[in-house]
Amino acid sequence: MTAVPVHPTPEGLYCPAGDFHIDPVRPVPRALITHGHADHARAGHGSVLATRQTLDIMGIRYGADFAGSTQAAEGAIGIGDATVSFHPAGHVLGSAQICVEGAGPKIVISGDYTRGPNPACAPFEPVRCDTFVTEATFGLPVFRHPDPAGQIARLLSSRAQFPDRAHIVGVYALGKAQRVIMLLREAGYDRPIYIHGALDRLCRYHAEQGIAVGDLRPATVDASESGFAGEIILAPPSAMAAKWAQRFADPLLGFASGWMQIRARARQRLTELPLVISDHADWPQLQETIRETGAGEVWVTHGAEEALVHWCQTQGLAARPLHLVGYEEEPE
Amino acid sequence: MRAYATLLDRLSFTPARNDKLRLIAEYLRTTPDPDRGWAIASLTGGVELRRVTPSRLREMVASRVDETLFALSYDYVGDLAETIALIWPGDESDRADRDIPLSEVVARLQSMSRLDVPREIGAMLDRLPANARYALLKLATGGMRVGVSAQLAKTALAQFGDKPVSDIVELWHGLTPPYTDLFAWLEGGEKPVSAARAPFYPVMLSTPTNLDELKALQAGEHLAEWKWDGIRVQAVSDAGQRRLYSRTGEDISRAFPDLVEAMTFEGVLDGELLVRRAGTVAPFSDLQKRLNRKTVPEKLQKSHPAMLRAYDLLIEGESDLRRHPQEERRARLEQFVEALDRERFDVSPLISFDGWDALAEARDAPPAPEIEGVMIKRRDTPYLAGRVRGPWFKWKRNPYLVDAILLYAQRGHGKRSGYYSDYTFGVWSGNEIVPVGKAYFGFTDEELKQLDRFVRENTRERFGPVRSVAPSLVLEVAFEGLNRSKRHKSGVAMRFPRISRIRWDKPAQEADTLKSLEALLPSPD
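Same order as they appear, the protein sequences are chains Z and G.
Everything in the first sequence is counted per the numbering used here, starting at 1 for the first residue and increasing by one.
Everything in the second sequence is counted per the numbering used here, starting at 1 for the first residue and increasing by one.
Hints may contain errors.
As the list claims (entries may be wrong) - Subject to a maximum C-alpha distance of 25 Å in a straight line, what follows is the list of computed BS3-like cross-link-like pairs (lysine-lysine):
(1) K294(G) with K449(G)
(2) K163(G) with K243(Z)
(3) K289(G) with K415(G)
(4) K243(Z) with K449(G)
(5) K449(G) with K415(G)
(6) K163(G) with K191(G)
(7) K289(G) with K486(G)
(8) K243(Z) with K438(G)
(9) K215(G) with K394(G)
Think of the hints as simulated: they come from the structure by calculation, not from any bench.
Build out the structure end to end from the sequences listed, making use of the hints.
Quick look at the structure:
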């Protein structure tokens with residue numbers, strides 16, 4: 001009988017052959033990290049193996065000494081009796097799937113991923129494997145993300161209809177912010193985009209990595225006498241509830257997230273302009289990806305596990321939910 | 001259908017009235033006939049469709065979607081039409097041919113039989129993207145909620161065509177969807193001639209006043225009468241056609257067949273719609289039970305009988321009295337109502353007074369609790385459409401006041417984004433504080449900033465856009481009346497509550513009690 005190469009523990013997925021954890025939610029001696037979102041990448045591990053960009057992002061967020069030691073993932077790397085390799089996941093800059101090979105079946109841990117084109121990072125690369133560990137944030141058939149260009153067109157047409165209102169869009173600092181910026185630039189919007197201070201360092205890092213974010217300016221009080229009327233401003237969702245939002249002219253609050261597909265969710269956010277823009281795989285992309293990996297067994301983690309497990313079983317695939325704890329739907 | 005769906009989506013997330021008007025006007029500008037007319041009809045309640053039941057929709061979706069996946073999805077989304085719209089298998093692309101004109105959708109929904117429902121609706125869903133599927137299903141099930149009243153839609157039409165809204169309201173009941181003749185006029189063509197019998201006549205409205213303002217006027221030049229707490233209506237009876245209109249021109253006849261049956265006159269009456277039992281006017285909450293109904297059970301007609309307390313006579317037989325002086329119309333009104341069923345019609349009595357101070361006294365001691373103040377009308381005024389300042393004044397009774405404790409605050413929209421501006425407050429019930437109402441106006445911009453600061457500094461818990469605060473700040477709340485309510489834990493609901501003062505000085509312990517509020521409730525039926 002072949003050994004299972006990784007298994008769930010309270011800290012996260014653990015690989016005994018290499019004695020390491022993947023995206024552990026508590027400090028561990030050796031961590032492999034898929035991407036820089038705070039619920040996957042935490043500070044305080046003994047050593048961290050991740051892509052160069054993920055390491056940079058963790059350094060920006062937590063300071064240079066966020067781990068005892070770090071190693072940038074390039075090519076196949078032997079750790080104990082296991083061999084690991086990192087492959088682009090298309091989710092955010094630096095995001096990767098982690099492939100683990102050893103004596104047992106070949107396993108790929110997807111981390112978070114999306115399949116649509118994302119000008120802010122490298123596209124997802126399908127990896128053939130025996131067992132595929134997939135996220136399922138949007139793992140229900142009601143989630144079919146519309147074309148993001150159409151969503152940006154809605155933002156721009158609202159701006160044309162209400163030129164006297166400041167259009168503030170709620171975005172997460174890593175990934176969504178840069179995605180929305182790039183979508184605006186692709187739509188030909190070349191005005192300055194004003195950003196909340198919390199987005200500044202990560203946006204600058206994207207620019208350094210060659211992402212053409214264009215003219216970004218701080219949304220500070222003295223930057224605009226007219227209260228940013230007719231401008232587009234990006235801010236983390238928490239800023240909408242802060243006194244920060246009080247400086248704008250009759251602000252129109254938008255919110256960019258895959259959750260905006262669901263009206264009740266959008267209402268909860270008090271948004272006037274819900275934009276369905278996601279950096280996770282939607283239902284058809286989850287299905288397509290599972291097929292492409294050729295995996296005979298699928299493990300489903302964080303999100304709507306039950307529906308995706310059910311679908312896998314109707315396709316004759318062995319599937320089980322992992323019930324890992326500590327991962328949020330979309331971190332703030 | 002896609003442009004219509006996009007409009008509905010925007011409207012349902014846009015709280016400000018003026019923004020809604022702008023969105024509707026833009027839709028009317030960019031959408032051709034007859035679709036724009038059907039869109040207006042759907043907003044004004046003018047489309048009669050056979051309602052599709054939820055069970056039919058569930059059958060329909062069961063033939064297309066895995067049962068377990070549908071159940072999990074419905075459980076997550078929580079709304080049947082939305083779940084079906086999102087889960088319906090189909091091409092999600094934005095290709096222009098993936099659309100059906102709204103007029104065609106309406107025609108198909110109108111003509112299909114019950115048995116056709118799954119096939120017809122399914123065929124249309126197959127040709128539409130998700131947000132248009134949602135709009136279609138809401139149209140078919142009658143569950144559209146976008147926060148646009150018929151009145152607002154008419155205002156949008158008026159703005160679109162740069163015409164007075166009273167003209168639109170006056171024409172309205174002679175028009176039928178898709179209103180192509182109306183749009184032709186709004187875009188510069190000929191004004192349609194209203195051929196309808198029993199049309200609505202624009203209502204004369206009053207403006208608020210106070211004792212100081214009144215003292216500048218001659219008391220002897222005015223009539224005064226009680227202002228009753230019902231709803232203002234217009235009863236029109238024209239060659240056998242009878243209609244009861246709200247003051248904005250909504251036809252509410254169907255909800256009041258008992259009153260309509262008694263409209264045995266020829267002419268137009270203006271008055272207050274009330275529920276009255278054994279000669280006593282019932283509280284407003286009793287009238288509320290009869291509003292917004294398509295049909296009224298016999299039992300409710302018996303237990304909550306409707307009547308009209310007349311204020312004015314606009315048309316008598318063939319003669320239009322609107323240009324005649326108030327006093328003359330009043331005299332003719334008294335005669336006119338003499339001939340009608342006394343159970344259903346009477347005339348609002350005049351208050352005799354010899355000066356403004358005497359009227360002030362009368363106002364402070366009204367003969368019935370369902371009086372909300374006095375109306376003051378110039379003896380020589382004609383009946384004028386709209387809210388003209390001068391000839392008619394309303395002088396409302398002072399509001400009730402209660403000292404309540406701030407419990408929760410919610411963030412506002414638009415200019416109030418970023419401010420906690422909607423306040424839920426409560427009063428003492430034993431050692432507990434029970435919520436009794438919610439208010440979001442009555443304070444100045446400066447006070448809003450102070451309240452916002454208080455909320456941020458005294459937050460206990462956060463629930464999405466809502467924060468609970470330490471119960472320490474007393475708000476003086478003004479309101480117009482109190483009703484019993486099963487929906488509120490406290491058992492009471494305020495009418496028209498607003499913040500009248502912030503009592504920074506008053507300790508929460510000294511706020512009012514539920515008992516003292518309950519003393520204001522109307523006696524039980």
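A quick look at each hint next to the structure:
1. K294(G) with K449(G): violated, 45 Å
2. K163(G) with K243(Z): violated, 42 Å
3. K289(G) with K415(G): violated, 36 Å
4. K243(Z) with K449(G): holds, 10 Å
5. K449(G) with K415(G): Since the Cα atoms of K449(G) and K415(G) sit roughly 12 Å apart, the hinted pair holds (cutoff 25 Å).
6. K163(G) with K191(G): holds, 11 Å
7. K289(G) with K486(G): holds, 13 Å
8. K243(Z) with K438(G): holds, 23 Å
9. K215(G) with K394(G): holds, 15 Å
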